[in-house]
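Chains as they are written, first to last, in this note's numbering: chain A, 1 to 230; chain B, 231 to 418.
Hints in this document: simulated from the structure, not taken from any laboratory. Quantities reported herein were computed from a predicted structural model and do not represent experimental measurements. C-beta: ideal position from N, C-alpha, C; glycine also. Mixed in with the good hints there might be a few duds.
What the hints assert, rightly or not - Footprint (simulated), chain A over chain B, 3 or more residues, beta carbon under 8 Å:
| id | region |
| --- | --- |
| 1 | 278 to 286 |
| 2 | 314 to 325 |
| 3 | 328 to 337 |
| 4 | 372 to 380 |
| 5 | 396 to 408 |
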Amino acid sequence: MSNLVKFKIDGTECMAEKGSYIVDAALENGIYIPTLCNMPGVKPKGACRVCSVRINGRLMTSCTTPVSDGMEIESNSADILDLRKAIIELMFVSGNHFCPSCEKSGNCELQALGYRYKMMVPRFLYDFPVRKVDASSPKIIKDQNRCIQCKRCIKTIKDEQGRSLFAFHKRGHDLEVILDQDLGKKITEELADLAMKNCPVGSIIKKEKGFEQAIGRRMYDHQPIGIEDK
Amino acid sequence: MKEEQKMSKPILATTSLAGCFGCHMSILDIDERILQLIELVEFNKSPINDIKTFTKAVDIGIIEGGCCNSENVEILKYFRKNCKILISIGECAIMGGLPALRNGIPIEECIHEAYIGGPTVQLNKNHILPNDDELPMLLDRVYPCHEIVKIDYFLPGCPPQADLIWNALVALITGDPMKLPYEVIKFD
């Protein structure tokens, strides 16, 4: 017996390995579902909700939901596209995302999703929260203004003993991702590079590395994030 | 848009509020198409021609920059009153932009840094703060234009690309659908 299951995304017949998550399964079948908090090799957590799809009339995060046989998934309908756009807009207004002065601009996944979904202006009012910038580490800057709390740094940036350099601090509305003061001072060059790379936005910036690439040569200057829709 | 098509020549006005004039530079960046633009529209109040007040009803008003002081608010309301369509162009008009970096800082601290405590302040020995009645009052924070008046269209970018401005104006004037290729929408 084969280990494959059949399912449909927006009516298109798809096939994927049993137990694989919908985002990955969709990608294998040439269908792009946007993600922000999800990254390959890390256990998905459904934090950002950008990958929302509708299954049996319910909204589910496709990064945490495995495909099953005969599943019918609604992904690129007008209301789901608008929901995703609204989630992206909410992230823009709930932080302080000053793209023109951000070192990550052009390589930022949140910004790239804004481009992909043609966000001309968020429909929500800007919050302009007061947030801190932690520049205590000799190698990196942790800017809370830009953090979207995706946990990618918490999950992937660990020292040789397996200790996370980043952690959640406080709760609810005050929740923030902070850098451990001691481990942050001892962070290696490679780990600092990886931390900046793994951050989908410009919340972790490597010191003395800002604005390295010229405008026009950055990742999302000419190419949209994700793959072309079939 | 049909009504506009019948008009002999739509009238255009522009202004720069709390902006850097970069967006106006981007308007000029349409290069030789500026010759076509003056065929398509008639300019009214604008820093480009230095007309200071509206001399007639305007069809399209272009706003650069957000609102950081009372004068910005006054001019924005003046534009809303006199223009049928208002377009916010650039990050500052859309979200406050770089001037809005002060939004988390109390106004007293900002003024102190600028006129008393800042490292480049040398000549203000008597610690005088600007207090002339003629000067516009600073707002508590920088506001995006659409939080003050209704804005009809938004063109993001810092500055918005010349092609984006051009495509939008042509679409608005001719009534044709707007061309929006991936590369013209940028937030920086």
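The hints, checked one at a time:
Counting residues of the region 278 to 286 of chain B whose beta carbon lies closer than 8 Å to any beta carbon of chain A gives 0, which falls below the threshold of three, so the coverage claim is violated. Only residues whose beta carbon comes within less than 8 Å of a beta carbon in chain A count, and the region 314 to 325 of chain B has 4; three or more means the coverage holds. For the region 328 to 337 of chain B, the proposed coverage by chain A is satisfied: 5 residues have a C-beta within less than 8 Å of a C-beta in that chain, meeting the threshold of three. Closer than 8 Å: that is the beta-carbon criterion, and the region 372 to 380 of chain B has 3 residues meeting it against chain A, so the requirement of 3 holds.
A stretch counts as covered by a chain when three or more of its residues have a beta carbon under 8 Å from one of that chain; for the region 396 to 408 of chain B and chain A the count is 0, and the coverage is violated.
Of the hints listed earlier, those the structure fails to meet are numbers 1, 5, in rising order.
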